[in-house]
Amino acid sequence: MLELNAVTLAYGPVMAVREASLHVRQGEIVTLIGANGAGKTTILRAVSRLLDPKSGAIMFEGRDLRGVAPDRVVRLGLAHCPEGRQVLARQSVRDNLELGAYIRADRAGIRQDLEMAFDLFPRLRERASQLAGTLSGGEQQMLAIARALMCRPKLLLLDEPSLGLAPIIAQEIFNIITNLNQQGVTILLVEQNAHMAMRTAHRAYVLEAGQIVAEGDARKLADDERVRQAYLG
Amino acid sequence: MPLAWFLQNLVNGLSIGSVYAVFALGYTLVFSVLGILNFAHAAVFTLGAYLTYVLAVGEFGLNGLLAGATMPFKLPFALALLAGAVLSGLAGMAVEYLAFRPLRKRGADALLALVSSLGVALILVNLIQYLFGAEIYSFPPDVLGSLPPAILFHVGEGMVAMRTIQAVLFGVSLLLLIGLVWFIQFTKQGKALRAVAENPDTASLLGISVDTFTLGTFFLSGLLGGMSGTLIGVSFGLSGPYFGVAYGLKALAVIVLGGLGSIPGTVLGGLVIGLAEAFLPPELSSYKEAVAYALLFAVLLARPQGLLGKSAEEKV
Ligand SMILES: Nc1ncnc2c1ncn2[C@@H]1O[C@H](COP(=O)(O)OP(=O)(O)O)[C@@H](O)[C@H]1O
Ligand SMILES: [Mg+2]
Chain A
1 MLELNAVTLA YGPVMAVREA SLHVRQGEIV TLIGANGAGK TTILRAVSRL LDPKSGAIMF
61 EGRDLRGVAP DRVVRLGLAH CPEGRQVLAR QSVRDNLELG AYIRADRAGI RQDLEMAFDL
121 FPRLRERASQ LAGTLSGGEQ QMLAIARALM CRPKLLLLDE PSLGLAPIIA QEIFNIITNL
181 NQQGVTILLV EQNAHMAMRT AHRAYVLEAG QIVAEGDARK LADDERVRQA YLG
Chain B
1 MPLAWFLQNL VNGLSIGSVY AVFALGYTLV FSVLGILNFA HAAVFTLGAY LTYVLAVGEF
61 GLNGLLAGAT MPFKLPFALA LLAGAVLSGL AGMAVEYLAF RPLRKRGADA LLALVSSLGV
121 ALILVNLIQY LFGAEIYSFP PDVLGSLPPA ILFHVGEGMV AMRTIQAVLF GVSLLLLIGL
181 VWFIQFTKQG KALRAVAENP DTASLLGISV DTFTLGTFFL SGLLGGMSGT LIGVSFGLSG
241 PYFGVAYGLK ALAVIVLGGL GSIPGTVLGG LVIGLAEAFL PPELSSYKEA VAYALLFAVL
301 LARPQGLLGK SAEEKV
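Heads up: the sequence lines are chains A and B, in that order. For the first sequence, the residue numbers in our numbering are 1 to 233. For the second sequence, the residue numbers in our numbering are 1 to 316.
Hint data in this document are derived by calculation from the structure and do not stem from the laboratory. Mixed in with the good hints there might be a few duds.
To be verified - Computed cross-link-like contacts, DMTMM-like style, restricted to lysine to aspartate or glutamate with a CA-CA straight-line distance of at most 20 angstroms:
| no. | chain 1 | residue 1 | chain 2 | residue 2 |
| --- | --- | --- | --- | --- |
| 1 | B | Lys188 | A | Asp106 |
| 2 | B | Lys188 | A | Asp113 |
| 3 | B | Lys188 | A | Asp224 |
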């Protein structure tokens with residue numbers, strides 16, 4: 001479904017990711033783990049076309065994303081929930097969710113999905129008319145995920161959804177990720193919390209200083225001595 | 001304090017102040033989205049006044065390339081105002097396209113964009129001078145049709161005069177302000193525009209085209225600029241291609257006074273400066289142009305972020 005082929009990414013002269021190749025098949029949860037600064041966010045930003053690759057190709061459903069405008073990517077069915085829960089702080093929870101459905105015009109369907117989002121995250125329903133900036137960290141993360149789902153994506157990119165959350169709330173988020181996947185959403189999950197990510201995902205990639213150094217079945221990789229030492233402590 | 005005197009100044013101040021607010025909102029809109037002051041805005045204001053003049057009066061002046069030319073048609077004032085404003089909106093889009101976008105795409109410093117917009121302003125003003133000449137253009141007194149020039153109200157012993165043009169200024173400005181706030185606050189595209197202003201990357205991840213909305217912002221800004229240029233021009237005449245400069249400076253005082261980037265602040269700032277000018281005692285009237293900045297300095301001493309601006313810590 002998603003395929004990166006020897007993708008090299010840089011910020012000006014600063015190299016961030018070197019010849020990374022990875023793929024995500026329909027129906028999978030794939031996780032990309034790595035230390036802070038490894039280049040995980042950079043890879044997701046390139047998939048969403050916020051960043052142009054220096055070389056290599058990014059394909060989504062067989063289509064080369066080169067030259068596609070960033071606001072067009074989501075129309076192809078690819079939603080990106082960015083790092084640091086980028087909710088629109090100055091707009092209400094409901095407006096955030098409705099903007100998640102910006103590309104859609106089917107009002108009835110949007111209203112239905114809004115209800116589904118509220119069922120999935122009941123705390124958002126209670127705070128529907130509150131400004132998003134006034135939510136707690138965990139609530140903002142829920143809002144960011146719910147908003148990304150409002151476009152009915154085929155593939156969901158999640159960038160560190162558990163960052164800064166209490167363990168119990170992080171666990172809740174991972175459960176929801178598993179549920180979403182069972183409902184048919186393919187997921188590429190970027191995490192520093194390797195333990196939880198490896199338990200949730202089918203397959204995993206390990207990124208180290210901009211290069212993919214290991215890949216494979218998430219459970220097997222979790223038993224790998226090197227990976228254990230470096231990421232699972 | 002005689003009531004009539006007070007009401008008269010209130011009428012004068014609110015009508016001119018509402019136009020200041022509309023004009024200054026053009027700066028505020030662009031600032032909210034790009035974080036940059038668009039110095040070409042005052043030139044678009046001037047352009048709007050000239051365009052409406054030509055559309056409504058149908059004639060050019062005695063100097064300039066178009067001296068003595070006549071238009072094949074004349075529009076009623078309301079239509080000319082609208083058409084002039086839409087053309088100004090297009091001019092605003094051209095400013096974004098030529099002066100701002102190319103620099104932004106190259107990641108240039110914001111200061112360069114500012115200088116670039118100043119360059120566009122000079123080009124526009126010179127173009128106006130070349131085409132229309134440097135003479136004074138005054139709208140004919142009957143431009144609004146056969147309306148009476150003023151309505152008089154008796155208040156106690158005294159009298160309050162509301163000039164028709166003042167009513168037009170206030171009415172049109174009010175409609176524009178209400179329309180703008182409704183659009184930004186309650187429509188889907190308005191909410192998308194606010195998303196672009198708050199976080200362009202997040203907006204584009206939601207499928208909102210940052211480029212399109214930036215262009216749209218410049219259209220709105222130009223529209224407000226052209227409209228306010230015409231309204232000022234109808235009241236006081238067009239004193240020449242540079243007549244926007246003084247108002248541009250005043251509008252800059254308005255947006256800083258109200259709080260940079262704040263729409264309610266801009267409206268409040270415009271009204272406050274309009275009222276301050278109106279209530280200025282007649283013996284000080286030669287200092288009228290200084291009122292805006294005197295007020296600005298006084299307010300900034302007490303509130304550096306402006307009347308309704310957020311302080312640096314509050315900004316996310
Ligand atoms: N906007 C930027 N400009 C320059 N360098 C950046 C920028 N963003 C990230 N980097 C660098 O790119 C590398 C990868 O960063 P990032 O993708 O954010 O890592 P991760 O998400 O894995 O923590 C880091 O060395 C970081 O310093
Ligand atoms: Mg990151």
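Hint check:
no. : hint                : result
1   : B:Lys188 / A:Asp106 : 13 angstroms, holds
2   : B:Lys188 / A:Asp113 : 17 angstroms, holds
3   : B:Lys188 / A:Asp224 : 50 angstroms, violated
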